[in-house]
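S.K.: Whole structure, please, built from the sequences with the hints as guidance.
As you go down the protein sequences, you meet chains A and B in turn.
Reminder that position 365 of the first sequence reads as 365 in the working numbering, one-by-one numbering, no gaps.
Reminder that position 37 of the second sequence reads as 37 in the working numbering, one-by-one numbering, no gaps.
In short, the hints are calculated from the structure, not lab data.
For every residue, glycine included, the Cβ atom is placed at its ideal position computed from N, Cα and C.
One or more of the hints may lead you astray.
To be verified - Here are the computed lysine-lysine pairs in the DSSO-like style, where the Cα-Cα straight-line distance is at most 27 Å:
1. A:119 / B:196
2. A:171 / B:2
3. A:45 / B:32
4. B:24 / B:87
5. A:206 / A:171
6. B:146 / B:52
7. B:32 / B:190
8. A:234 / A:119
9. B:203 / A:119
10. B:32 / B:198
11. A:198 / A:113
12. B:196 / B:87
13. B:2 / B:203
14. B:87 / B:197
15. B:32 / A:272
16. A:206 / A:45
17. A:45 / A:113
18. B:197 / B:32
19. A:206 / A:113
20. A:45 / A:208
21. B:197 / B:52
22. B:198 / B:52
23. B:190 / A:113
24. A:119 / B:32
25. B:52 / A:119
26. A:45 / A:198
27. B:146 / A:300
28. B:2 / B:198
29. B:197 / A:113
30. A:198 / A:119
Claimed, not checked - Reference excerpt, derived from the structure (chain B facing chain A, CB under 8 Å, subset only):
31. 70
32. 74
33. 186
34. 187
35. 189
36. 193
37. 196
38. 198
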Amino acid sequence: MLDFYNIDSLLSEEERAVRDSVRRFVDDNVLPVIGECYVEGRFPKEIVPGLAELGVFGANLPEEYGCAGLNNVAYGLIMQELERGDSGVRSFASVQGALVMYPIYAFGSEEQKRHYLPKMASGEIIGCFGLTEPDYGSNPAGMITMAREQPDGSWVLNGAKMWITNGSTAKVAIVWAKTNDDKDQRSIRGFIVPTNSKGFRAKDQKGKLSLRASDTSELVLEDVRVPADSLLPKSGGLKSPLMCLTQARYGISWGALGAAMACFEEASSYAKTRIMFDRPIGGFQLQQLRLAEMLTEIVKGQLLCVQLGRLKDRGEFTPQQVSLAKRNNVSIATDIARETRRLLGANGILAEYAAMRHMANLESVYTYEGTHDVHTLILGQSVTGLNAFGA
Amino acid sequence: MKIAVCIKRVPDMESRFRITGDGKTVDETGLKFDMSDFDGYAVEVALQMTEKLAQGEVVVVSLGPDAVQEALRKALSMGAARAIHLKTDRVPADGFAIATALAAELRSGGYDLIMFGKHAMDSMNGVVGPMTAELLGLPNVNSVSKLEVAGGRGTARRELEGGAEILEFPLPAVVSIDEGIARPRYPSLKGIMAAKKKPLESKPVQLIAPRLEATRTELPPDRQGGRIIGEGAAAVPELIRLLQTEAKVL
Numbered sequence: 001m002l003d004f005y006n007i008d009s010l011l012s013e014e015e016r017a018v019r020d021s022v023r024r025f026v027d028d029n030v031l032p033v034i035g036e037c038y039v040e041g042r043f044p045k046e047i048v049p050g051l052a053e054l055g056v057f058g059a060n061l062p063e064e065y066g067c068a069g070l071n072n073v074a075y076g077l078i079m080q081e082l083e084r085g086d087s088g089v090r091s092f093a094s095v096q097g098a099l100v101m102y103p104i105y106a107f108g109s110e111e112q113k114r115h116y117l118p119k120m121a122s123g124e125i126i127g128c129f130g131l132t133e134p135d136y137g138s139n140p141a142g143m144i145t146m147a148r149e150q151p152d153g154s155w156v157l158n159g160a161k162m163w164i165t166n167g168s169t170a171k172v173a174i175v176w177a178k179t180n181d182d183k184d185q186r187s188i189r190g191f192i193v194p195t196n197s198k199g200f201r202a203k204d205q206k207g208k209l210s211l212r213a214s215d216t217s218e219l220v221l222e223d224v225r226v227p228a229d230s231l232l233p234k235s236g237g238l239k240s241p242l243m244c245l246t247q248a249r250y251g252i253s254w255g256a257l258g259a260a261m262a263c264f265e266e267a268s269s270y271a272k273t274r275i276m277f278d279r280p281i282g283g284f285q286l287q288q289l290r291l292a293e294m295l296t297e298i299v300k301g302q303l304l305c306v307q308l309g310r311l312k313d314r315g316e317f318t319p320q321q322v323s324l325a326k327r328n329n330v331s332i333a334t335d336i337a338r339e340t341r342r343l344l345g346a347n348g349i350l351a352e353y354a355a356m357r358h359m360a361n362l363e364s365v366y367t368y369e370g371t372h373d374v375h376t377l378i379l380g381q382s383v384t385g386l387n388a389f390g391a
Numbered sequence: 001m002k003i004a005v006c007i008k009r010v011p012d013m014e015s016r017f018r019i020t021g022d023g024k025t026v027d028e029t030g031l032k033f034d035m036s037d038f039d040g041y042a043v044e045v046a047l048q049m050t051e052k053l054a055q056g057e058v059v060v061v062s063l064g065p066d067a068v069q070e071a072l073r074k075a076l077s078m079g080a081a082r083a084i085h086l087k088t089d090r091v092p093a094d095g096f097a098i099a100t101a102l103a104a105e106l107r108s109g110g111y112d113l114i115m116f117g118k119h120a121m122d123s124m125n126g127v128v129g130p131m132t133a134e135l136l137g138l139p140n141v142n143s144v145s146k147l148e149v150a151g152g153r154g155t156a157r158r159e160l161e162g163g164a165e166i167l168e169f170p171l172p173a174v175v176s177i178d179e180g181i182a183r184p185r186y187p188s189l190k191g192i193m194a195a196k197k198k199p200l201e202s203k204p205v206q207l208i209a210p211r212l213e214a215t216r217t218e219l220p221p222d223r224q225g226g227r228i229i230g231e232g233a234a235a236v237p238e239l240i241r242l243l244q245t246e247a248k249v250l
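M.R.: Okay, here's the thing in structure tokens:
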């Protein structure tokens with residue numbers, strides 16, 4: 001696998017061991033089936049027990065909750081390897097770990113943590129994360145899902161959530177809702193909602209041309225009543241779900257590199273073996289330019305991620321730094337996938353090759369977890385101190 | 001059941017190899033290393049055996065410079081209980097020197113079984129296991145595809161061309177393991193974390209004077225381009241002539 005700048009020398013033995021173990025798992029269990037799953041529009045749920053046994057879910061959370069207790073660089077390398085398989089597989093792990101286990105860990109009560117985290121690490125409980133709504137994507141503060149506290153302390157939730165990864169597979173949903181009729185974003189709280197609650201429906205979103213090997217669903221909550229202890233007690237305001245997104249975006253920065261690396265490997269091996277005009281197409285300057293650009297961007301992305309991970313491990317990273325990495329790495333991965341598809345000529349449109357699958361997947365990754373454009377504005381605001389967002 | 005598994009750290013065999021300046025050996029610069037494949041099978045078999053019996057321990061042993069500790073820790077992360085590093089400045093080409101050092105370490109260990117991979121992926125000698133057995137005076141079965149132990153005796157199956165051989169032997173014994181016997185587990189992430197806390201004892205050993213020395217290592221020659229000698233049936237006599245006189249395969 002590509003390591004042009006000896007990035008391995010920046011990693012500890014343990015970080016490399018984690019990466020290599022997940023790499024082998026993906027080689028053996030994801031790559032052989034993923035093309036077919038993609039065409040069939042099916043998430044390969046048969047790999048979930050293996051992923052759980054390996055310990056990838058919430059791998060950077062503490063051992064006392066049944067997790068692996070890894071540092072953030074090792075966690076990032078896991079995301080890289082999973083997305084080298086497919087963005088849908090990495091999304092599954094991102095949602096389970098960063099968007100469901102993390103908020104329970106960060107905002108949950110001790111009882112909630114002890115109850116849910118070990119079962120989620122072992123894959124016994126799969127979760128999903130409900131923040132985005134049909135009319136509130138880049139503007140989550142505008143959400144209209146409401147949770148009303150009842151006299152007996154229980155809560156009644158109403159609203160709809162959209163583009164929810166794992167939505168139809170999940171046993172529990174972390175649902176974000178406003179708790180005050182004044183519609184103030186400061187009233188946003190998180191709830192652990194069992195998906196078999198009365199009034200809760202999940203509907204598979206049909207017709208996707210991207211992330212086809214992933215469950216994407218719409219959630220509808222109609223007078224869903226949950227007990228008082230469903231509330232994540234330490235959640236409060238939009239900041240809470242945004243903290244989850246920062247965790248997930250961090251993983252995506254690494255994951256996108258995995259997809260880019262898979263494409264680069266495919267492009268370089270194809271360029272060396274595909275004969276046209278009596279010589280390998282890799283001997284033509286146009287293809288060499290493609291490969292040189294891909295290589296350069298991947299190396300830059302790798303260095304970005306390692307440093308970001310080290311900062312995160314020291315507790316020094318900022319959401320703006322994560323925005324820069326997510327924005328850059330997903331963007332270069334999208335370009336690399338497209339250029340790989342082109343280098344492969346007509347073969348590049350086949351599911352037998354990974355390029356077009358990654359290319360289509362990465363359009364979703366480009367759009368979710370803060371669109372490329374939103375991250376541009378976050379960085380713009382960071383540089384100028386001026387807010388260029390809509391409101 | 002106390003099992004020792006002797007493992008070797010070898011380069012990833014899919015690497016592009018270069019030869020050192022003196023022409024004697026492989027240049028290790030930039031190579032990635034891992035536990036030899038057959039040794040991985042042996043570790044897996046040993047772990048399954050102690051897990052099935054719900055008792056005993058698996059001890060992994062490797063000889064070489066500090067870098068071999070990475071392979072030892074991989075075995076620990078798979079589930080081995082502890083590791084012994086026999087520290088030398090290099091891995092000698094003479095398998096007898098290795099076997100002598102291993103036998104000295106293993107003799108007093110009280111092992112019921114001593115396991116090896118059937119050969120290392122790099123040197124492909126397959127001699128260290130049998131030599132160690134001989135030095136320890138223990139029965140030895142090689143290239144084992146199935147292994148069972150009960151009542152102080154072992155039963156091993158060996159695949160032969162078109163058949164198989166079943167052998168019985170008393171414990172303690174030395175066996176070397178063939179592929180296909182068990183699929184090595186993925187080191188779990190928790191296992192990798194736990195491996196850091198498991199005992200890894202590093203002890204310097206003095207190798208006996210080697211009786212073999214690698215004088216030269218060669219890469220296979222570059223493949224030559226093909227040659228078209230004609231088309232259809234008319235080309236056959238010439239093809240046969242060349243296969244007889246030039247390629248000398250007929």
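S.K.: Hints first: check each against the structure and report whether it holds.
M.R.: Each hint, compared with the structure:
1. Distance check on the hinted pair: residue 119 (chain A) and residue 196 (chain B) sit about 25 Å apart at the alpha-carbon level, within 27 Å; holds.
2. At most 27 Å may separate the alpha-carbon atoms for a hinted pair to count; residue 171 (chain A) and residue 2 (chain B) exceed this at roughly 44 Å.
3. This hinted pair does not check out: residue 45 (chain A) and residue 32 (chain B) have alpha carbons roughly 32 Å apart, beyond 27 Å.
4. Taking the CA atoms of residue 24 (chain B) and residue 87 (chain B), the gap is about 22 Å. The hint holds against a cut of 27 Å.
5. The suggested pairing of residue 206 (chain A) with residue 171 (chain A) holds, with an alpha-carbon distance near 21 Å, which does not exceed 27 Å.
6. Note on residue 146 (chain B) and residue 52 (chain B): the hinted pairing holds, with a Cα-Cα distance of about 15 Å set against a maximum of 27 Å.
7. Of the supplied pair hints, the one linking residue 32 (chain B) and residue 190 (chain B) holds, its CA atoms being roughly 23 Å apart against a limit of 27 Å.
8. Proposed proximity of residue 234 (chain A) and residue 119 (chain A) is supported: the alpha carbons are some 21 Å apart, at most 27 Å.
9. Taken as a hint, the residue 203 (chain B) and residue 119 (chain A) pair is broken in the structure, with Cα atoms around 42 Å apart against an allowance of 27 Å.
10. Pair hint residue 32 (chain B) plus residue 198 (chain B) holds up; C-alpha atoms about 24 Å apart against a cutoff of 27 Å.
11. Distance check on the hinted pair: residue 198 (chain A) and residue 113 (chain A) sit about 24 Å apart at the alpha-carbon level, within 27 Å; holds.
12. For a cut-off of 27 Å, the pair hint linking residue 196 (chain B) to residue 87 (chain B) stands: about 19 Å separates their Cα positions.
13. Proximity of residue 2 (chain B) to residue 203 (chain B) is assessed by CA-CA distance (about 21 Å); at most 27 Å being required, the pair is judged to hold.
14. Of the supplied pair hints, the one linking residue 87 (chain B) and residue 197 (chain B) holds, its CA atoms being roughly 20 Å apart against a limit of 27 Å.
15. Taking the CA atoms of residue 32 (chain B) and residue 272 (chain A), the gap is about 23 Å. The hint holds against a cut of 27 Å.
16. With a C-alpha separation of about 18 Å, the suggested pair residue 206 (chain A) and residue 45 (chain A) falls inside the 27 Å cut-off, and the hint holds.
17. Proposed proximity of residue 45 (chain A) and residue 113 (chain A) is supported: the alpha carbons are some 25 Å apart, at most 27 Å.
18. Restraint check for residue 197 (chain B) and residue 32 (chain B): satisfied, since their Cα atoms lie roughly 24 Å apart, inside the 27 Å limit.
19. At roughly 34 Å between alpha-carbon atoms, residue 206 (chain A) and residue 113 (chain A) are farther apart than 27 Å, so this suggested pair is violated.
20. Annotation: proposed proximity of residue 45 (chain A) to residue 208 (chain A) holds, straight-line Cα distance about 18 Å (limit 27 Å).
21. The hinted pair formed by residue 197 (chain B) and residue 52 (chain B) meets the criterion: a straight-line CA distance of about 24 Å does not exceed 27 Å.
22. Simply put, residue 198 (chain B) and residue 52 (chain B) have alpha-carbon atoms about 21 Å apart, close enough for the 27 Å limit, and the pair holds.
23. A distance of roughly 19 Å separates the Cα atoms of residue 190 (chain B) and residue 113 (chain A); the hinted pair therefore holds under the 27 Å criterion.
24. Note on residue 119 (chain A) and residue 32 (chain B): the hinted pairing is violated, with a Cα-Cα distance of about 36 Å set against a maximum of 27 Å.
25. With a C-alpha separation of about 26 Å, the suggested pair residue 52 (chain B) and residue 119 (chain A) falls inside the 27 Å cut-off, and the hint holds.
26. Between the alpha carbons of residue 45 (chain A) and residue 198 (chain A) the distance comes to roughly 26 Å, so the proposed pair stays at or under 27 Å and holds.
27. Using a Cα cut-off of 27 Å, the hinted pair residue 146 (chain B) and residue 300 (chain A) is violated, with the two alpha carbons roughly 49 Å apart.
28. With a C-alpha separation of about 17 Å, the suggested pair residue 2 (chain B) and residue 198 (chain B) falls inside the 27 Å cut-off, and the hint holds.
29. Under the criterion of a C-alpha separation no larger than 27 Å, the hint pairing residue 197 (chain B) with residue 113 (chain A) is consistent with the structure, at around 26 Å.
30. A C-alpha spacing of about 23 Å is found between residue 198 (chain A) and residue 119 (chain A), which places the hinted pair at or below 27 Å, so the restraint holds.
31. For residue 70 (chain B), the interface hint holds, since its Cβ comes within 8 Å of a Cβ in chain A; the closest pair sits about 6 Å apart.
32. Among the interface hints, the one on residue 74 (chain B) holds; its C-beta lies about 6 Å from the nearest C-beta in chain A, closer than the 8 Å criterion.
33. Look at residue 186 (chain B): its Cβ gets to within about 5 Å of chain A, closer than 8 Å, so that hint holds up.
34. With a least beta-carbon distance of about 5 Å to chain A, the hint placing residue 187 (chain B) at the interface is held under the 8 Å criterion.
35. The closest approach between the C-beta of residue 189 (chain B) and any C-beta of chain A is roughly 4 Å, which is under the 8 Å cut-off, so the hint is satisfied.
36. Hint status for residue 193 (chain B): holds, given a least beta-carbon distance of 6 Å to chain A, under 8 Å.
37. The restraint placing residue 196 (chain B) at the interface with chain A holds, with a minimum CB-CB distance near 7 Å, inside the 8 Å limit.
38. For residue 198 (chain B), the interface hint is violated, the least distance from its beta-carbon to any beta-carbon of chain A being 13 Å, above 8 Å.
Figure legend: structure checked against the earlier numbered hints; hints not met, in rising order: 2, 3, 9, 19, 24, 27 and 38.
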